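Assemble the complex: chain A is given as a structure, and chain B must be docked to it using the hints.
Residue strings, one per chain:
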Amino acid sequence: MKKKLINDPENVVVEMIEGIVKAKPSKLRKLDNYNVVVRKDAPLDKVALVSGGGSGHEPAHAGYVGEGMLDAAVAGDVFTSPTPDAIFEAIKTVNGGKGVLLIVKNYTGDVMNFEMAEDMAVAEGIEVAHVVVNDDVAVEDSLYTTGRRGVAGTIFVHKIAGAKAAAGAELSEVKKAAEKVISNVRTKGMALYPCRVPSAEEPTFKLEEDEMELGIGIHGEPGTQRTKVKKADEIVDDLLGSILSDINFENGDEVALMVNGMGGTPLMELFIANRRAHQVLENRGIKVYKNFVDEFMTSLEMAGMSITLLKLDQELKELLDAPTDINLMK
Amino acid sequence: MSEKIKVTSEKIKDIFIKIADVLIENKNYLTELDAAIGDADHGINMARGFKKVKEKIEDDSFKNNSDLVKTVAMTLISTVGGASGPLYGTAFLNISKIIPDSDFDIDSFIKIGETVIEGIQKLGKAQRGEKTMLDTIIPAVNALRESKVKGLSLERALEECKKAAEEGMKATIPLLATKGRASYLGERSKGHQDPGATSSYLIIKVIVDELISEME
Chain A
-2 MKKKLINDPE
8 NVVVEMIEGI
18 VKAKPSKLRK
28 LDNYNVVVRK
38 DAPLDKVALV
48 SGGGSGHEPA
58 HAGYVGEGML
68 DAAVAGDVFT
78 SPTPDAIFEA
88 IKTVNGGKGV
98 LLIVKNYTGD
108 VMNFEMAEDM
118 AVAEGIEVAH
128 VVVNDDVAVE
138 DSLYTTGRRG
148 VAGTIFVHKI
158 AGAKAAAGAE
168 LSEVKKAAEK
178 VISNVRTKGM
188 ALYPCRVPSA
198 EEPTFKLEED
208 EMELGIGIHG
218 EPGTQRTKVK
228 KADEIVDDLL
238 GSILSDINFE
248 NGDEVALMVN
258 GMGGTPLMEL
268 FIANRRAHQV
278 LENRGIKVYK
288 NFVDEFMTSL
298 EMAGMSITLL
308 KLDQELKELL
318 DAPTDINLMK
Chain B
9 MSEKIKVTSE
19 KIKDIFIKIA
29 DVLIENKNYL
39 TELDAAIGDA
49 DHGINMARGF
59 KKVKEKIEDD
69 SFKNNSDLVK
79 TVAMTLISTV
89 GGASGPLYGT
99 AFLNISKIIP
109 DSDFDIDSFI
119 KIGETVIEGI
129 QKLGKAQRGE
139 KTMLDTIIPA
149 VNALRESKVK
159 GLSLERALEE
169 CKKAAEEGMK
179 ATIPLLATKG
189 RASYLGERSK
199 GHQDPGATSS
209 YLIIKVIVDE
219 LISEME
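For the protein sequence lines, the chains are A and B, in the order given.
Under this note's numbering, the first residue of the first sequence is numbered -2, with each subsequent residue one higher.
Under this note's numbering, the first residue of the second sequence is numbered 9, with each subsequent residue one higher.
Here chain A stands alone, though its shape is the one from the complex (with noise of 0.2 angstroms):
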């Protein structure tokens, strides 16, 4: 068994989630008996914000309820969507009379998990909308698929709904921004090695070593393609070659860039690659507005990265400079 600096596996979720709140007690405030992390000031008159998904995603996504971002984040046990009743409970703290936007990530378990709450939630009265962010370019959205994953384009959905509602914004006009940001964002991730989760003994894959994953998602799952390792430059302009082919991109556009660490990759190395990215997209003719390089939806200790890029308009860029009081996103 790998070295991990837990306590018990089956109390990792309780006892971060703890933490989490301990480290800013001023601000949020954890539901008794469930999982889930709020604004200690909701609920407040706004749409409210609610996500979630599987823990080892940190800091995704109690890392993101603060002001300009969400009201609350529901965590399910580690890779696993939270259960409807945790969600339901969520959505009825935060909701301050003007409707509860849930932003999903789309996987088969948290896509199934946020619709029963919603139906749970509507029975009581509550509006409630949710959104399905899409944006991994790695898996084929078609027929016959369940589409693309939900991966750390979240966060600039998260970012962009939640400067929307601060502002105001009634509940359909909050889900039409997070939509349009679905629409224009798109991301592709690798590993270099795996990770593992508490409770098991192996990691959730094995690669050589001198083997790589591509297309990888956020749990752990093999990739799409498995590769010799190559030098950052070259990943770099895979993982941009499949995003730049997905979405129609023409010269004088402007794009937010994050390039996002999966929990066990050193910051130089997201540096080096981010420094690729920009010489990449300079040469296409397309300008980062925003550029964000750290560490936002992660995979537990899996070392690796994912490129993720927001084309933006006017009304994009506006709510992404809007001001928020999670630094990772200021």
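Heads up, some of the hints might be wrong.
Said to hold, decoys possible - Below, computed lysine to any residue pairings styled on SDA-like, alpha-carbon distance capped at 25 angstroms:
| # | chain 1 | residue 1 | chain 2 | residue 2 |
| --- | --- | --- | --- | --- |
| 1 | B | Lys119 | B | Gly137 |
| 2 | B | Lys59 | A | Glu12 |
| 3 | B | Lys62 | A | Glu7 |
| 4 | A | Lys(-1) | B | Glu163 |
| 5 | A | Lys227 | B | Arg196 |
| 6 | B | Lys35 | A | Glu7 |
| 7 | B | Lys78 | A | Lys173 |
| 8 | B | Lys62 | B | Asp115 |
| 9 | A | Lys173 | A | Glu247 |
| 10 | A | Lys0 | B | Lys178 |
| 11 | B | Lys26 | A | Lys173 |
| 12 | B | Lys35 | A | Glu199 |
| 13 | B | Lys60 | A | Met117 |
| 14 | B | Lys35 | B | Val214 |
| 15 | A | Lys89 | A | Glu176 |
| 16 | B | Lys78 | A | Glu121 |
| 17 | B | Lys78 | B | Glu18 |
| 18 | B | Lys178 | B | Glu18 |
| 19 | B | Lys178 | B | Thr123 |
| 20 | B | Lys59 | A | Lys308 |
| 21 | B | Lys64 | A | Glu7 |
| 22 | B | Lys64 | A | Lys173 |
| 23 | A | Lys228 | A | Glu298 |
| 24 | B | Lys35 | A | Ser196 |
| 25 | B | Lys62 | A | Val9 |
| 26 | A | Lys0 | B | Glu40 |
| 27 | A | Lys308 | A | Phe246 |
| 28 | B | Lys35 | A | Asn4 |
| 29 | B | Lys60 | A | Val10 |
| 30 | B | Lys14 | B | Lys213 |
| 31 | B | Lys59 | A | Pro6 |
| 32 | A | Lys27 | B | Ser86 |
As the list claims (entries may be wrong) - Covered, in the sense of this in silico footprint (three residues per stretch, anywhere, with C-beta under 8 angstroms from a C-beta of chain A), are these stretches of chain B:
| # | stretch |
| --- | --- |
| 33 | 83 to 94 |
| 34 | 179 to 189 |
Read the hints as simulated data drawn from the structure, not as lab findings.
Since the model is a prediction, treat every value here as computed from it, not as a measurement.
From the three backbone atoms N, C-alpha and C, an ideal C-beta is built for every residue, glycine too.
Just chain B now, kept in the frame of chain A:
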């Protein structure tokens, strides 16, 4: 065929406790299957959910079968998480709405199977052949229907149901996953037995074995 068997709440409770034991026992096996094509938590999630089911029903008494099965369903929905929680939860919730209180015949079992399929398909939007739990459940229910047409005894019909479930589970090995998390692997999902189809088989096996032991 007009054979009937009496299945009381006490017996159903025994069956669920046995299911829980079998899933807890197979926690690592299911997790290994899931590690190959999913995210290595199916065994952990099922064991967690059914452990809670066991705790919940062991010392309680229930008004009727429906009440008991509904408790199981709600416990699974609120503890399993992932996709299996809502899928199995909905399946048992549907069963709780139609489960007879005393006498079961072949039609009762067919009806139970059909309501399970309906619930899972509504939520998961899957068909047979997509490498999911339905690849175990649909053939199992078809075997019950065929046994009825052939006029087999209830015991034989249940045996056929178990056999078809096992074959269905094994038949998921070469399939390409197009639903659930395994679908993200595309071609690489081939060559592995589906963990959801496996847990469904384990559940069906316990139910059939327990019912047959009751008939003897």
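Here's how the hints hold up against the structure:
1. At most 25 angstroms may separate the alpha-carbon atoms for a hinted pair to count; Lys119 of chain B and Gly137 of chain B meet this at roughly 22 angstroms.
2. The straight-line distance between the Cα atoms of Lys59 of chain B and Glu12 of chain A is roughly 21 angstroms, inside the 25 angstroms bound, and the hint therefore holds.
3. Proposed proximity of Lys62 of chain B and Glu7 of chain A is supported: the alpha carbons are some 18 angstroms apart, at most 25 angstroms.
4. For the proposed pair Lys(-1) of chain A and Glu163 of chain B, the alpha carbon gap of about 49 angstroms is over 25 angstroms, so the pair is violated.
5. Distance restraint check for Lys227 of chain A and Arg196 of chain B: the Cα-Cα separation of roughly 22 angstroms lies within the 25 angstroms cut-off, and the hinted pair is therefore satisfied.
6. Between Lys35 of chain B and Glu7 of chain A the alpha-carbon distance is near 14 angstroms, which keeps this suggested pair within the 25 angstroms criterion.
7. A threshold of 25 angstroms between alpha carbons decides the hint, and for Lys78 of chain B with Lys173 of chain A the separation of about 38 angstroms lies outside it, so the pair is violated.
8. This hinted pair does not check out: Lys62 of chain B and Asp115 of chain B have alpha carbons roughly 28 angstroms apart, beyond 25 angstroms.
9. The hinted pair formed by Lys173 of chain A and Glu247 of chain A meets the criterion: a straight-line CA distance of about 23 angstroms does not exceed 25 angstroms.
10. Restraint check for Lys0 of chain A and Lys178 of chain B: not satisfied, since their Cα atoms lie roughly 36 angstroms apart, outside the 25 angstroms limit.
11. A C-alpha spacing of about 49 angstroms is found between Lys26 of chain B and Lys173 of chain A, which places the hinted pair above 25 angstroms, so the restraint is violated.
12. Between the alpha carbons of Lys35 of chain B and Glu199 of chain A the distance comes to roughly 14 angstroms, so the proposed pair stays at or under 25 angstroms and holds.
13. Distance check on the hinted pair: Lys60 of chain B and Met117 of chain A sit about 22 angstroms apart at the alpha-carbon level, within 25 angstroms; holds.
14. For a cut-off of 25 angstroms, the pair hint linking Lys35 of chain B to Val214 of chain B stands: about 16 angstroms separates their Cα positions.
15. Between Lys89 of chain A and Glu176 of chain A, the direct Cα distance comes to roughly 23 angstroms. Compliance with the 25 angstroms bound is thereby established for this hinted pair.
16. Between Lys78 of chain B and Glu121 of chain A the CA atoms are separated by roughly 21 angstroms; this keeps the pair inside 25 angstroms, and the hint holds.
17. Between the alpha carbons of Lys78 of chain B and Glu18 of chain B the distance comes to roughly 15 angstroms, so the proposed pair stays at or under 25 angstroms and holds.
18. At roughly 32 angstroms between alpha-carbon atoms, Lys178 of chain B and Glu18 of chain B are farther apart than 25 angstroms, so this suggested pair is violated.
19. For the proposed pair Lys178 of chain B and Thr123 of chain B, the alpha carbon gap of about 23 angstroms is at most 25 angstroms, so the pair holds.
20. Restraint check: the Cα-Cα separation between Lys59 of chain B and Lys308 of chain A comes to about 47 angstroms, which exceeds 25 angstroms; the hinted pair is violated.
21. At roughly 19 angstroms between alpha-carbon atoms, Lys64 of chain B and Glu7 of chain A fall within 25 angstroms of each other, so this suggested pair holds.
22. Restraint check: the Cα-Cα separation between Lys64 of chain B and Lys173 of chain A comes to about 43 angstroms, which exceeds 25 angstroms; the hinted pair is violated.
23. Note on Lys228 of chain A and Glu298 of chain A: the hinted pairing holds, with a Cα-Cα distance of about 21 angstroms set against a maximum of 25 angstroms.
24. Taken as a hint, the Lys35 of chain B and Ser196 of chain A pair is honoured in the structure, with Cα atoms around 11 angstroms apart against an allowance of 25 angstroms.
25. Of the supplied pair hints, the one linking Lys62 of chain B and Val9 of chain A holds, its CA atoms being roughly 23 angstroms apart against a limit of 25 angstroms.
26. For the proposed pair Lys0 of chain A and Glu40 of chain B, the alpha carbon gap of about 20 angstroms is at most 25 angstroms, so the pair holds.
27. Proximity of Lys308 of chain A to Phe246 of chain A is assessed by CA-CA distance (about 8 angstroms); at most 25 angstroms being required, the pair is judged to hold.
28. Annotation: proposed proximity of Lys35 of chain B to Asn4 of chain A holds, straight-line Cα distance about 21 angstroms (limit 25 angstroms).
29. In summary, the hint linking Lys60 of chain B to Val10 of chain A is supported, as the alpha carbons are separated by about 18 angstroms, within the 25 angstroms threshold.
30. Taken as a hint, the Lys14 of chain B and Lys213 of chain B pair is honoured in the structure, with Cα atoms around 19 angstroms apart against an allowance of 25 angstroms.
31. As the CA atoms of Lys59 of chain B and Pro6 of chain A are separated by approximately 16 angstroms, the hinted pair is consistent with the 25 angstroms bound.
32. Using a Cα cut-off of 25 angstroms, the hinted pair Lys27 of chain A and Ser86 of chain B holds, with the two alpha carbons roughly 18 angstroms apart.
33. Given as covered by chain A, the stretch 83 to 94 of chain B passes the check, having 10 residues with a CB less than 8 angstroms from a CB of that chain where 3 are the minimum.
34. Counting residues of the stretch 179 to 189 of chain B whose beta-carbon sits less than 8 angstroms from any beta-carbon of chain A gives 4, enough to reach three: the coverage restraint holds.
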